Structures are given as C-alpha cells and as structure tokens.
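Using the sequences plus the hints, can you model the full thing?
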Amino acid sequence: MEELVGNAAPEEMKDLEGKSTPDGWLLGKIVSFPDDHTGGYFSKCFHVTRNGDAAFLKALNLDKFDINQLMGFFAEFQYEQETLEKCRDIRMSRVVKLVESGSLDRGNSFHPIQRKVPFIVFELAEGDIRNSVDISKDVSNSWRFFVLQQTALALLQLHGAQIAHQDIKPSNVLRFDRNALKIGDLGRSTDRQRPAPHDHHQRPGHINYAPFEQLYSYTAPTEWAQRRISSDVFQLGALVTYVFTSVVLPRYVVSKLEAGYQPTNWGGTYSDVMPFLQASLVSSVEEISEDFPDQFRDELVQIVLDLCHVDPLQRGKLGAKDGKPNVGPLWLQRYASRFDILAKKASINGSAN
Amino acid sequence: MTSRTNEASFGVSKKKIDYTADVQASMREFGLSPTVPIASELMFISNEAGAKDISLQAANFILKHSDSLQSKSVLRFANEVVGVDLDFKSQVENSSSNFLKAARKQLSIEYRNPVLLIDVARELTSAGHQKSALRYVRAAVGLAPDSRFIVRSAARYFLHVGDYDQAHDLLKRTSNIKTDPWLQASELAVASIRSRPSMLSKSVFRSLLDAKSVGPERSELASAVATMELKSGSTKNAKQLFNKALVSPNDNSLAQVEWAAERLKLIVDEQVLKTPLSFEANTNNAYRRMDIAQAIQHAKQWSEDEPFASRPFDALSYFYSLDDDYVSALDSTEKAMRVEGGEKLTLLLNKLFAKIQLGELDESYIELLKLTQHPDAKSHAVHLCADYGALAYATGSLDEGRTFYGKAVEIARKRGDRHSEGQALAYFARAAIAYDDPKSEEILERANKQVLELPSQGAIYVVSRLVTTEKRIALLEVAAARVKKRQWSWDAASNTLRQLE
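Chains A and B, in that order, give the protein sequences. The first sequence runs 1 to 353 under my numbering. The second sequence runs 1 to 501 under my numbering.
Quick caveat, the hints were computed from the structure, so don't treat them as lab data. Fair warning: there could be bad hints in the mix.
Stated by the list, open to error - Result set (DSS-like, lysine-lysine): computed pairs, CA atoms no more than 27 Å apart in a straight line:
1) B/K274 - A/K256
2) B/K344 - A/K256
3) A/K256 - B/K172
4) B/K64 - A/K137
To be verified - Where chain A lies over chain B, by a calculated footprint (3+ residues, C-beta under 8 Å):
5) 18-26
6) 44-50
7) 65-73
8) 112-121
9) 159-165
None of the values given here were measured: they were computed from a predicted structure. Positions of the beta carbon are idealized from the N, C-alpha and C atoms, including for glycine.
Printed below as a string of structure tokens:
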C-alpha cells in the first residue's frame with residue numbers, strides 16, 4: 001500500500017523536535033497519526049511529554065504553504081485555539097481538552113512570518129472509533145449505540161455553547177482511557193458569537209460526510225442554527241450508518257443518483273434536485289438496512305432518514321412538537337436519550353450482532 | 001429506479017467540487033492504517049471523485065476481507081467499483097411487479113418520496129391502471145407542488161388520461177410558472193392542446209425572438225413557441241425559433257424540431273441526434289431517411305423510455321407494417337391499446353389491418369362492420385375504406401377491393417389529407433400486386449407517380465419495394481432529397497468553411 005501514502009516532505013517543521021512549549025511540554029519526533037483527528041493536512045503533529053505525562057501537539061505547518069496562503073491559515077488556527085479555550089473554560093467534558101496553546105519560536109533564521117509557529121497541545125487519545133466499530137470484527141451493538149449516544153451528547157454540549165462542529169466524522173470521535181469518547185478537531189467549527197474565517201466555505205468539513213446541500217452549493221437557510229447545526233445533525237445520521245455498516249451514506253446516496261442529478265453535473269436549484277435526492281436516500285437506506293441488526297432495523301431506518309433528511313429545515317424533526325423545526329440547543333436531546341435506551345436494550349440482549 | 005428526465009441533462013454545473021485534498025487525506029490515513037473501515041471511506045470518496053485507481057485499490061482491499069465482513073452493502077459497493085455486476089438492482093427492476101413491490105416497500109418506510117410516487121404512477125399507467133395511478137400522482141404533487149419534475153410529470157399524466165383542464169390548472173397554479181422556462185413550455189403545449197390562451201407573456205415571447213441564442217434551459221420553450229407559431233402560420237418565426245432550439249436541444253425540443261423539419265427544411269444533423277434520451281426524434285429522423293430498421297430500434301427505446309405512452313407503440317406498429325411484419329405490428333398495436341386504456345378508433349383500425357394481413361378474415365369482417373358504427377367512423381373514413389379494400393382483396397373480391405381503396409384515396413384527397421392519400425395509394429398498389437389484380441400495373445404506375453408529390457416517406461418506402469430497381473432508385477433519391485443536410489462551401493476570401501443554409 002506504499003503508493004497510497006501521502007508524500008509530505010519529511011523535513012517540514014522538523015526543527016521543532018526537541019523544543020519545549022512555554023508550559024514545559026517537550027516535543028518528541030514528528031508523528032503521523034493514522035487516526036486523522038488532527039486536521040493533519042494543515043498541520044504537523046508531535047508527541048509531547050512533561051513530567052511523565054503524555055499529550056500531543058498540533059502545530060500549523062508553516063513550511064508546507066506559500067507565505068501568501070499562510071495568513072488565512074493563521075486566522076483559522078487562532079480561531080480553533082480560541083474555540084477550544086472556550087470549550088475548556090466552560091468545562092466541556094465531551095470535547096477533547098485543550099492543554100496548552102500558544103506559539104513556538106523557531107529563531108531568527110526563519111522568515112518573520114514562519115518564525116512563530118502556532119500550536120495546540122491536546123490530551124492524548126488512544127485512537128478514534130473506527131477500529132472499534134470494524135465490520136470485519138465482532139463488535140457489540142450496545143457499543144455502537146454507545147458511540148452514537150456519546151457523540152450526540154458531545155454535540156449537545158457544543159450546541160449549548162452555540163458552537164457548531166461542522167466536521168463530525170468517525171475519525172473525529174476519539175477514544176480515551178476506559179472507553180471515554182470525546183469529539184476532536186474543532187478546526188472547522190464555528191461559534192455563533194464570533195464569525196469564523198471559514199464561514200464562507202461551501203463545505204467546511206470533509207466531503208465524505210458533507211450534507212447534500214453543501215455539495216450543491218445551497219447556502220440557504222441563512223439562519224445560523226438551521227444552517228450550521230443542521231449540518232452536525234446530518235453528520236450524526238451519517239455516523240449511524242457508518243458504525244453499523246462502514247457505509248459512507250452521503251456518498252452512497254449520491255452514487256445511486258442518475259448522473260444528471262449528481263452534484264458535479266446538476267445545473268439547477270437545490271430545491272429541484274431535492275425530490276431526487278430524497279428518492280435516492282430512501283432507496284439507499286432501505287438497501288443498507290439489511291446490514292442493520294434485525295431487532296433495531298426499523299428504528300435505525302427511521303433515525304437515519306430523519307437525521308439525514310435532504311431538507312436541512314426538516315432534519316431531526318421526527319417526534320418534535322407541532323412539527324416545527326427544532327433548532328434549540330436541546331435539539332438532539334431526544335436522540336441522545338434514544339441511543340441510550342437502544343444501547344441498554346442491546347446490552348440486555350447481549351448479542352454481538 | 002429514479003426517473004430519467006431531460007431537465008437533469010441541461011446546463012453545466014457551476015459547482016466544481018475539488019476532491020483532491022480530501023482524497024489525499026483519506027489516502028494518507030489508509031496508507032498508515034489499512035483497515036476495512038478506513039478503506040471504505042477511501043473507496044467512497046475516491047469513487048465519487050472519479051479517482052478510479054484509488055477506488056479500485058480500496059475496493060480490492062475490502063473484497064480481500066469479504067469472508068469476515070458483516071456488511072453486504074459495503075461488499076456490494078466494492079464489487080460495483082471493481083466491475084462485478086451482482087445484478088441486484090436490475091433484477092429488482094426488471095419486471096413491473098417487482099418494481100411495484102419494491103417501491104411500495106420503500107413507501108411504507110417513508111411515504112414522503114414524490115419521485116418514487118411518480119415512478120409508481122408511471123408504472124401503473126404503463127400497465128393500463130390509470131385510475132390506480134391517480135392517487136400516487138396526487139400524493140406526489142401534494143408533497144412537492146413546486147418541483148418542476150413532479151408538476152410536469154403530473155401534467156403529463158392528466159394529459160394522458162384526457163383530463164386536459166386538470167393538466168393546465170396544475171401548471172398554471174405552480175409557483176414557478178412565471179420564471180421557469182420548462183414549466184412555461186409545458187403550459188404552452190397544454191394550452192395549445194386545449195385551444196386556450198397561454199399564460200406565457202409577450203415579453204418572454206419577444207425575448208426568445210430577440211435572443212441571439214437560446215441556452216439549454218430555454219430550448220424546450222423555444223421549440224414549444226415555434227410549434228405554436230408554425231401552427232398559426234408564422235413559418236418565419238417558427239423556423240428562427242426552431243433553429244435556436246437546435247443549438248442546445250433536449251429530447252423534447254428535438255422531437256418538436258424533427259416534427260417540423262421536413263416542412264421548414266430544418267437541418268437535424270448527427271451531432272444533434274446524439275442528445276440524450278432523444279429516442280422520439282431519432283425514430284422520426286430514421287423514418288424520414290427511410291431507414292426503417294433503425295426507426296424500429298429507436299422506437300423500441302422510445303417505448304421503453306415512455307412505457308405509459310401509446311405513440312411509440314403506434315409508431316412501432318406502423319414501421320412493422322411497412323416491413324410486412326404483421327405479427328409484430330399486431331403486438332405493438334395491442335400494447336398501444338393497453339396503454340391507451342380506451343377503444344381509440346385509429347388503433348382499432350390498425351389492429352384490424354394487421355389481422356387482415358395475417359389472414360384472420362372472418363373475424364376481421366365482423367370487426368369491420370362493427371367499426372363502421374363507431375361514433376368517430378366518419379372522421380376515419382379513409383382508414384375504414386382502406387381496411388375494407390384490404391379485406392376485399394384478401395377475400396378475392398378484386399373489384400370491391402379496387403373500389404374501396406379508390407374511395408380511400410379520393411376521400412383523403414378531398415379532405416386535403418395528403419399523408420393518408422399517399423398511404424392509401426401505396427397500400428392499394430401493394431394489395432393489387434399481392435392478390436394478382438389484372439389492373440395492378442396500372443395501379444402501381446399511378447402510385448409510383450403520385451407518392452412523389454405526397455409527404456409520406458412510408459408510402460414511398462412501400463412503393464419502392466414493389467417497383468423495378470431503376471424506379472426504386474429514382475423514388476429513393478427523391479425521398480432522400482427531402483431530408484435537408486448541412487452543406488458547406490469554402491470561402492476563398494477568409495479561407496474558411498462556411499455553412500450554407
């Protein structure tokens with residue numbers, strides 16, 4: 001598989017090895033994290049240690065990009081630092097913890113713009129959830145539901161603070177000691193109280209899990225919660241199919257569309273393509289549902305169809321009072337409870353699959 | 001089974017998606033940790049990005065672990081990526097009952113699926129269950145009253161069942177009628193069928209005439225307006241608009257252009273005929289070129305694309321008759337009748353003609369007597385007399401055969417129905433020769449001369465198969481000249497090729 005490995009120049013940011021952060025974290029060697037929960041395209045990661053404790057450090061890769069491009073990345077990195085600080089300050093237990101943030105000085109030999117390297121030190125995760133829900137291994141259904149419940153709870157914490165994650169994907173749901181789960185990589189998040197540098201991006205997160213409307217460059221609704229939080233809700237729905245089947249639902253649905261309706265070919269409006277997406281979504285979920293556990297199949301189908309609704313205004317409405325769009329901070333509370341109940345049911349049954 | 005529609009094929013998306021960074025990120029992860037869940041993510045994104053080599057590697061990795069995989073969906077997708085067709089979908093979709101069963105199952109999961117509701121209605125209509133289809137059409141419109149596809153499909157359904165008012169009302173009430181050229185094209189067509197004024201404003205009409213060119217989104221509207229102009233006698237406007245519609249046609253606009261091509265001497269070249277889903281236009285074009293085998297092929301595709309419509313089956317029946325394949329002609333007519341769901345006299349007469357040719361004479365005689373009492377008999381007198389003539393010849397009553405075919409020709413001429421006149425002349429000659437009428441030479445000679453003056457390629461085709469080689473060549477040359485072709489000349493001054501009109 002060597003040919004598939006990225007070809008990042010190994011010497012980029014290598015000079016940081018052996019340096020210490022202002023709080024005394026010593027940078028070890030550059031590491032490649034297979035579990036890409038670091039937003040690794042823009043950054044370099046290091047194992048760091050201090051007094052026997054281990055953590056990891058993400059530094060903006062100033063050697064990879066042209067100096068003109070860096071200004072935008074500085075702003076985004078700083079935004080992530082500030083968002084993580086906010087999460088830490090209000091003690092969000094389900095978001096990966098910021099240990100330290102600041103900048104490292106590389107010395108006079110560097111261009112002034114490349115000299116101060118912004119960094120973030122995080123608590124060290126054991127990995128992400130992907131290998132723990134591997135469909136080629138025996139994994140209990142109660143664990144799969146637990147993953148979903150913990151993700152919903154983490155989103156509730158973020159949404160309660162008016163932060164939308166916008167890049168919920170399996171690699172950003174991190175595993176810690178004793179199976180504690182937290183959300184990582186807030187590099188694409190947006191805080192309602194502060195405009196984000198990437199707010200104008202059509203697709204803030206990874207394309208694999210991007211909601212349908214983002215692929216069709218549909219930006220309405222402009223209301224913050226409807227637009228931003230509905231994206232998280234969609235990605236939670238995509239996570240449901242992933243943890244049970246490894247299927248990347250949004251891509252599966254798009255692949256089943258007639259070529260003319262696919263995002264790269266479609267020249268009409270999003271509202272005109274929505275009925276076709278809806279048809280493809282339903283038939284895709286029906287196909288995929290054969291891999292859902294028998295006992296939970298019908299319920300999982302309803303959950304996925306609701307969370308991944310093609311219309312952002314309709315997402316997560318199932319069971320909502322008066323059928324009104326429910327975009328408050330407790331939007332996902334019903335789902336967190338539901339996944340909890342399902343995890344318990346699965347646990348009582350005790351079946352692996 | 002999502003419906004194929006022309007709306008999807010218009011325009012070029014302005015939304016170019018750059019997958020590079022995300023595919024690279026997934027590749028890097030997979031390289032560092034080659035596991036099934038990560039391979040799956042890579043397979044899905046690289047497949048959509050069109051990175052075939054990468055999606056193949058990821059899919060092959062997944063397939064290597066197929067023994068332990070508990071996800072049939074991922075395996076199926078991986079097989080599709082590597083090109084193994086498990087034929088799952090096509091098996092389901094192959095038969096109408098399977099489709100309906102699968103569709104109803106999906107609707108029980110989620111009834112808010114207007115496209116599927118329309119697909120079900122289409123399937124039911126094709127099977128002749130128009131009434132059952134109605135509730136699906138209504139539900140689809142209720143769920144997506146502003147969707148162009150749903151509204152146009154529903155309007156088409158109402159046209160099909162003869163409820164023209166409902167079709168027109170539906171189009172007029174849709175919220176986008178003033179801005180959407182596709183809906184405007186449909187509304188204009190329905191208004192024309194109803195002989196009622198269209199909602200199309202003069203400014204839209206003017207903008208089409210004034211426009212230097214018409215984009216794909218207005219092609220159908222341009223051809224719809226052109227059709228209306230042609231019917232009202234404004235051939236100059238019609239020609240101009242048809243030519244604009246030809247720049248970026250869709251299947252419907254091309255079908256309309258083809259319909260008017262001979263009359264207006266429009267050039268429909270090979271490139272244009274490659275327009276996706278343009279089966280009707282290709283059928284007509286092949287017929288005009290008298291390539292009946294090709295016309296049959298295209299008409300078959302047309303009937304598969306529009307199984308709810310009787311016209312493709314009607315066309316097939318006609319082509320099979322031209323080729324003396326009356327078993328297939330009868331079969332196609334019966335299909336047209338099933339789809340039509342009523343006792344349309346034209347179809348009954350076509351069926352009768354096929355039966356006569358197949359030698360089912362006693363039954364045909366009773367049927368013919370019955371048809372003469374049909375309320376529409378008078379307006380189909382040409383066809384009735386021709387069938388009478390055919391039956392008389394088949395039963396050996398040559399004089400009677402001659403008399404009735406003669407009457408058919410005469411009535412058609414008096415009515416100015418030149419197409420039917422050609423048909424009657426040609427089949428008269430064919431019957432006279434087939435049943436050894438002593439006057440057959442005279443009849444054939446008359447047909448040979450007169451069909452050249454008449455606008456029926458089918459008539460020329462039939463006669464060309466009865467005459468000598470020399471005469472056949474002459475007939476075919478005249479017929480071929482009717483199909484306008486693009487001509488080029490070299491302009492010495494600019495050293496370029498110029499297209500001649």
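Hints, one by one, checked against the model:
no.	hint	in the structure
1	B/K274 - A/K256	holds, 24 Å
2	B/K344 - A/K256	violated, 40 Å
3	A/K256 - B/K172	violated, 33 Å
4	B/K64 - A/K137	holds, 14 Å
5	18-26	holds (count 6)
6	44-50	holds (count 4)
7	65-73	holds (count 7)
8	112-121	holds (count 6)
9	159-165	violated (count 0)
Checked against the numbered hints given earlier, this structure breaks hints 2, 3 and 9; the rest are met.
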